[in-house]
Amino acid sequence: MDNQEQKEQREYERYPFREDILIDGRKQAYSQNICETGMFVSTLSPPKKGSVIHVTIPSILTLKAEVNNSQPGIGMGIEFIDLNYEQKREIKQLIEDIKLGDFNNSSQ
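Take the sequence shown: its letters are residues 0 to 107, numbered as in numbering that gives the first Met the number 0.
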């Protein structure tokens, strides 16, 4: 499957989002991209597939997520789970800010 076919299978477009984040409140990691339903996180020792974690985007929000793809030495794909209305709204706003070039994490 080429990249075009893979992109067409995704329901939500991914946006570049390169930020320091926390996993379970303590482990530092680095996000690569985000969409309305999840993100890819670079970390050398990701939790195993199926693990439930908490992801914190400093100064913005903390989300519950499930690891869908774990690649030791590379990172993990996560899906946000159990989101409430406010969390969904905040993710959509973050993505809108990224698309408009207006995202500015105050922790930088």
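Just so you know, these hints were derived from the structure itself, not from any lab.
Being a predicted model, the structure only gives us computed values, none of them experimental.
Fair warning: there could be bad hints in the mix.
Once the Cα atoms are required to be at most 25 Å apart in a straight line, the calculated SDA-like pairs of lysine to any residue come out as [said to hold, decoys possible]:
1) LYS26 to SER41
2) LYS63 to PRO46
3) LYS48 to GLY76
4) LYS48 to PHE102
5) LYS98 to THR61
6) LYS98 to GLY49
7) LYS26 to GLU65
8) LYS48 to GLU18
9) LYS47 to PHE102
10) LYS47 to ASP19
11) LYS47 to LYS98
12) LYS87 to PHE102
13) LYS26 to LEU99
14) LYS47 to LYS63
15) LYS48 to LYS98
16) LYS63 to THR42
17) LYS98 to SER41
18) LYS98 to THR36
19) LYS98 to SER50
20) LYS87 to GLY72
21) LYS98 to ARG25
22) LYS26 to GLU10
23) LYS91 to PRO71
24) LYS63 to HIS53
25) LYS87 to GLU18
26) LYS87 to SER41
27) LYS87 to GLY49
28) LYS63 to ARG13
29) LYS63 to ARG25
30) LYS91 to SER44
31) LYS91 to GLY76
32) LYS48 to GLU10
33) LYS91 to THR55
34) LYS48 to ARG13
35) LYS26 to SER50
36) LYS98 to GLU35
37) LYS98 to GLY72
38) LYS87 to LEU43
Against the structure, the hints:
At most 25 Å may separate the alpha-carbon atoms for a hinted pair to count; LYS26 and SER41 meet this at roughly 12 Å. With a CA separation close to 14 Å, the supplied pair LYS63 and PRO46 stays within the 25 Å bound. At roughly 9 Å between alpha-carbon atoms, LYS48 and GLY76 fall within 25 Å of each other, so this suggested pair holds. This hinted pair does not check out: LYS48 and PHE102 have alpha carbons roughly 30 Å apart, beyond 25 Å.
Among the hinted pairs, LYS98 with THR61 is consistent with the structure: their alpha-carbon atoms are about 21 Å apart, no more than 25 Å. For the hint pairing LYS98 with GLY49, the CA-to-CA distance comes to about 30 Å; that exceeds 25 Å, so the pair is violated. In summary, the hint linking LYS26 to GLU65 is supported, as the alpha carbons are separated by about 16 Å, within the 25 Å threshold. For the suggested pair LYS48 and GLU18, the alpha carbons sit about 22 Å apart, so the restraint of at most 25 Å is met.
A hinted pair counts as satisfied when its Cα atoms are at most 25 Å apart, and LYS47 with PHE102 does not qualify at roughly 31 Å. Among the hinted pairs, LYS47 with ASP19 is consistent with the structure: their alpha-carbon atoms are about 21 Å apart, no more than 25 Å. Restraint check: the Cα-Cα separation between LYS47 and LYS98 comes to about 31 Å, which exceeds 25 Å; the hinted pair is violated. Only pairs whose Cα atoms come within 25 Å are accepted, and LYS87 paired with PHE102 is accepted, the gap being roughly 17 Å.
Restraint check for LYS26 and LEU99: the C-alpha separation of about 30 Å exceeds 25 Å, so the hint is violated. Simply put, LYS47 and LYS63 have alpha-carbon atoms about 15 Å apart, close enough for the 25 Å limit, and the pair holds. With a C-alpha separation of about 30 Å, the suggested pairing of LYS48 with LYS98 is violated against the 25 Å cut-off. Between LYS63 and THR42 the CA atoms are separated by roughly 17 Å; this keeps the pair inside 25 Å, and the hint holds.
Proximity of LYS98 to SER41 is assessed by CA-CA distance (about 21 Å); at most 25 Å being required, the pair is judged to hold. For a cut-off of 25 Å, the pair hint linking LYS98 to THR36 stands: about 16 Å separates their Cα positions. Of the supplied pair hints, the one linking LYS98 and SER50 is violated, its CA atoms being roughly 30 Å apart against a limit of 25 Å. For the hint pairing LYS87 with GLY72, the CA-to-CA distance comes to about 30 Å; that exceeds 25 Å, so the pair is violated.
Among the hinted pairs, LYS98 with ARG25 is inconsistent with the structure: their alpha-carbon atoms are about 29 Å apart, more than 25 Å. Pair hint LYS26 plus GLU10 does not hold up; C-alpha atoms about 29 Å apart against a cutoff of 25 Å. At roughly 29 Å between alpha-carbon atoms, LYS91 and PRO71 are farther apart than 25 Å, so this suggested pair is violated. Between LYS63 and HIS53 the alpha-carbon distance is near 5 Å, which keeps this suggested pair within the 25 Å criterion.
Annotation: proposed proximity of LYS87 to GLU18 holds, straight-line Cα distance about 19 Å (limit 25 Å). At most 25 Å may separate the alpha-carbon atoms for a hinted pair to count; LYS87 and SER41 meet this at roughly 23 Å. Restraint check: the Cα-Cα separation between LYS87 and GLY49 comes to about 22 Å, which is no more than 25 Å; the hinted pair holds. Taking the CA atoms of LYS63 and ARG13, the gap is about 19 Å. The hint holds against a cut of 25 Å.
For the given pair, LYS63 sits about 14 Å from ARG25 by alpha-carbon distance, which is consistent with the 25 Å threshold. Proximity of LYS91 to SER44 is assessed by CA-CA distance (about 29 Å); at most 25 Å being required, the pair is judged violated. Straight-line distance between C-alpha atoms of LYS91 and GLY76 comes to about 19 Å, which keeps the hinted pair within the 25 Å bound. For a cut-off of 25 Å, the pair hint linking LYS48 to GLU10 stands: about 21 Å separates their Cα positions.
A distance of roughly 16 Å separates the Cα atoms of LYS91 and THR55; the hinted pair therefore holds under the 25 Å criterion. Distance check on the hinted pair: LYS48 and ARG13 sit about 21 Å apart at the alpha-carbon level, within 25 Å; holds. Note on LYS26 and SER50: the hinted pairing holds, with a Cα-Cα distance of about 15 Å set against a maximum of 25 Å. The straight-line distance between the Cα atoms of LYS98 and GLU35 is roughly 13 Å, inside the 25 Å bound, and the hint therefore holds.
At roughly 29 Å between alpha-carbon atoms, LYS98 and GLY72 are farther apart than 25 Å, so this suggested pair is violated. Distance hint between LYS87 and LEU43 is unfulfilled; the C-alpha atoms sit about 28 Å from each other, more than 25 Å.
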